[in-house]
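J.: Take a look at the letters that make up each chain.
There are 2 protein chains.
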Amino acid sequence: MSLEMSHTGKLDALASLCVRVGVNLQPGQELIISAPIEAQPLVQRVTAEAYRAGAKLVTCLYDDPSAIRARFDHARDETLDYAAGWISAGITRALDAGAARLFIYGPFPDLLAGVTPERVARVHAAMAAATKAEAAFTADLRVNWCAIPFVTSSWARMVYPDVAPGFAEKRLWDDVFDVLRIGGADPVREWRAHLDALNARREALQERQLTALRFFGGETDVTIGLVRGHRWVGGSAVAANGVQSVCNMPTEELFTCPHRERVEGHIALTRPLALGGAIVEGLHLTFRAGRVVETRATRGKEMVDVLLSSDDGASRLGEVGLVPTSSLIARKNVLFYNTLLDENAASHVAFGQSYSACLEADGMPEREGANHSSLHIDCMLGDGRMNVDGIPAGGQALPLMRAGEFTL
Amino acid sequence: MSLEMSHTGKLDALASLCVRVGVNLQPGQELIISAPIEAQPLVQRVTAEAYRAGAKLVTCLYDDPSAIRARFDHARDETLDYAAGWISAGITRALDAGAARLFIYGPFPDLLAGVTPERVARVHAAMAAATKAEAAFTADLRVNWCAIPFVTSSWARMVYPDVAPGFAEKRLWDDVFDVLRIGGADPVREWRAHLDALNARREALQERQLTALRFFGGETDVTIGLVRGHRWVGGSAVAANGVQSVCNMPTEELFTCPHRERVEGHIALTRPLALGGAIVEGLHLTFRAGRVVETRATRGKEMVDVLLSSDDGASRLGEVGLVPTSSLIARKNVLFYNTLLDENAASHVAFGQSYSACLEADGMPEREGANHSSLHIDCMLGDGRMNVDGIPAGGQALPLMRAGEFTL
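Sequence order for the protein chains is A and B. The numbering of the first sequence is our numbering, which starts it at 124 and goes up by one. The numbering of the second sequence is our numbering, which starts it at 124 and goes up by one.
If you're looking for bench data, these hints aren't it; they were derived computationally from the structure. Since the model is a prediction, treat every value here as computed from it, not as a measurement. Every residue gets a Cβ at the ideal spot worked out from N, C-alpha and C, and that includes glycine. There may be inaccurate statements among the hints.
Unchecked claim - A few chain B residues that face chain A, going by a derived Cβ cut-off under 7 angstroms, partial list only:
#, residue
1, Lys179
2, Thr182
3, Ser189
4, Ile191
5, Ala212
6, Gly213
Stated by the list, open to error - Sample of chain A residues lacking proximity to chain B, with all beta carbon distances greater than 10 angstroms (derived):
#, residue
7, Glu153
8, Lys179
9, Asp187
10, His197
11, Ala198
12, Ala206
13, Val238
14, Thr261
15, Ala262
16, Gly307
17, His317
18, Ala320
19, Arg354
20, Gly405
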């Protein structure tokens, strides 16, 4: 007799967790899933669980990475500015009518290797424009939604290049299940306790009414102004449709809205960045008046420069997030090449679009300074050397983190 | 050195054939594919070939049979009348803007075994209503489109139950490639010759200006009135967008529009019928004034009765088609449990919706008598004993087929 949960048992637990806690699907609610084809065994479990939870209808829109690659390999240049706005319009209609959303995110880190960054940027820009209305439903938390990771074989190869193929997937799944708190007797109960702790620290940060954060340690020293009326977000949240959901699983971060013009100093990324299928390493960025004025990188600088110049807000910050080095994901000490996990392993900033959920609701709107862009790119800068101070209005710097840990 | 084309070589040929001859995709045109997940290796080839042919964008909407089954197993009864109208609205928008359509049809014959027919009928009716505008684009040949078969493992098991699993699929693929004219040196050239022959016979039937067809042989003796202003369809056809396509591959049939009130006699199906995942065998039907007044079957009568009573047009004919027993598919002498193939193996009638392509265009419309329904169900009644007479206005019966072969 084995006391350890089997792999398929853990997939069942993940399906149950994302339907019952992540999306928190309501009886009679429709569910729209996006997933790579490879994730079909998980989608199958999620679908059955969603119907058991009372789903009105479950639809999965599958992505096929080979089709994306085929377009870059064979499509004529003049066609690249077109995107399937019609499918996004359909999804938007369903979200508007009350559907919930689940993203099963299986990365393909090397998918676009060798494709010219200009072609990638054009396709990204066209897709961002075509999916704008749809994306607002999740970015602005109008409906309950959740994103969870799925281990693809190419992702496992990337994380564990020296491990034999089948074993690399098994090992990465073990990591992913661990940081998802799956494997114990009652994952749902463990998640409730974890969310309670995150929610309590979020409220403590909110009470401080800070005007800026200063990150210093290692090669980073940057002061990031916060928008007046900013809100700290993290843990669970109630969407505009009244349903409480957990938008990212795993989640360890607490984040809020920087001021687009009040960032001064320089940051050194502590982890590589997977960007449109390319890898960026050793990225250093210098800010003046909120804008990146200098980029350096040991690999992938070209892709960064192309993306940061794609619109006015692309070179300014839209998010700043705090994660202690004692978080489950940081303790793994694995570089996942996957934002959904890596951004929960370290404090980070993100270029591009801000989240309206990080701003005061309609009652007292002071949204001036919130950034807008078609992009949102997370960059990890936290590690065990990182200190963070909070600057209250007219007050003394308040230590929030020291050597990577919360002191709040 | 092998002179025989490999399996993957034949899949490549099928991809090329359906893009270049079937859909006849135009440079700059969008392509929307529907396919079961299992067909991904073929979809991948079609996608690359479509981009090589100049596609603006290729999108595949994958179906997952396990998700369909999960709904019937777990969904609450009160949710079954809902369908994803939002996705069909999106597709309709793309078709309206000029997209072409490819259906990769991989049957799952036993998918709904054990599900109550009422649940199946409710889901079918909701889907038919939600996809009405979308379906009109293909039924009325407003855009170039094509449907091709794909061998699923459950379909292969159905056709060859006594052959070991992997071998059953191989054997069925061999059949399918044969009837698709794939394997020779130049499938595209073979298709052009085949289409020329079909087109010539179609024109000969059209010139006869018949008022009715009489089928007699075996246990069948039925006279089927034809709508005044009917058109014979088959081979290739020019869609309303000006592009010539072949809507079904394989195709051996020539078909036209019966009069919904002028069918008298009885038919005995010569092949079983796969209906909503159930199998119907030994079906006998009696017609009075165009309507089925009696059904008998050795298996599955309940499903037939439920479906034929789902709306007023469901128990009347919308199509009649002629296929000689010397056709490639008939000569295979395999029961495929798949309309796309079986309807090309035998002369047939279809209950339900008629095709506007089988009626005179706007100039001289005499559409009275054309049938309307949310269903379209093909029933095979031809075999080597079947004779068909054509009845011209006020004239002598004209032999069209004798003992299953054209005499025209």
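J.: Beyond 10 angstroms from every Cβ of chain B: is that where the Cβ of lysine 179(A) lies?
T.: 5 angstroms, violated
J.: Hey, does alanine 262(A) actually stay past 10 angstroms from chain B on C-beta?
T.: 20 angstroms, holds
J.: Should the hint that serine 189(B) touches chain A count as held when the rule is a Cβ pair under 7 angstroms?
T.: Because about 5 angstroms separates serine 189(B) from the closest Cβ in chain A, which is inside the 7 angstroms limit, the hint holds.
J.: Confirm or reject: alanine 206(A) is not an interface residue toward chain B, with every Cβ-Cβ distance exceeding 10 angstroms.
T.: Check fails; 7 angstroms does not lie beyond 10 angstroms.
J.: Just want to verify: valine 238(A) was marked as not at the interface with chain B; is every Cβ pair farther apart than 10 angstroms?
T.: Valine 238(A) clear of chain B: closest Cβ-Cβ about 14 angstroms, beyond 10 angstroms.
J.: Should the label of aspartate 187(A) as a non-interface residue stand, given a Cβ cut-off of 10 angstroms to chain B?
T.: 6 angstroms, violated
J.: Is it correct that the beta-carbon of glutamate 153(A) has no partner in chain B closer than or equal to 10 angstroms?
T.: 8 angstroms, violated
J.: Tell me if isoleucine 191(B) is really an interface residue toward chain A, meaning its C-beta lies closer than 7 angstroms to one of theirs.
T.: With a closest approach of 10 angstroms, the isoleucine 191(B) hint is violated.
J.: Checking hints one by one. Is lysine 179(B) an interface residue toward chain A, by the C-beta closer than 7 angstroms rule?
T.: 5 angstroms, holds
J.: Beyond 10 angstroms from every Cβ of chain B: is that where the Cβ of arginine 354(A) lies?
T.: 31 angstroms, holds
J.: Can the hint on glycine 213(B) be confirmed by a CB-to-CB distance to chain A that is less than 7 angstroms?
T.: 3 angstroms, holds
J.: Does the no-contact call for threonine 261(A) survive, Cβ to all of chain B over 10 angstroms?
T.: 16 angstroms, holds
Of the hints listed earlier, those the structure fails to meet are numbers 4, 7, 8, 9, 10, 11 and 12, in rising order.
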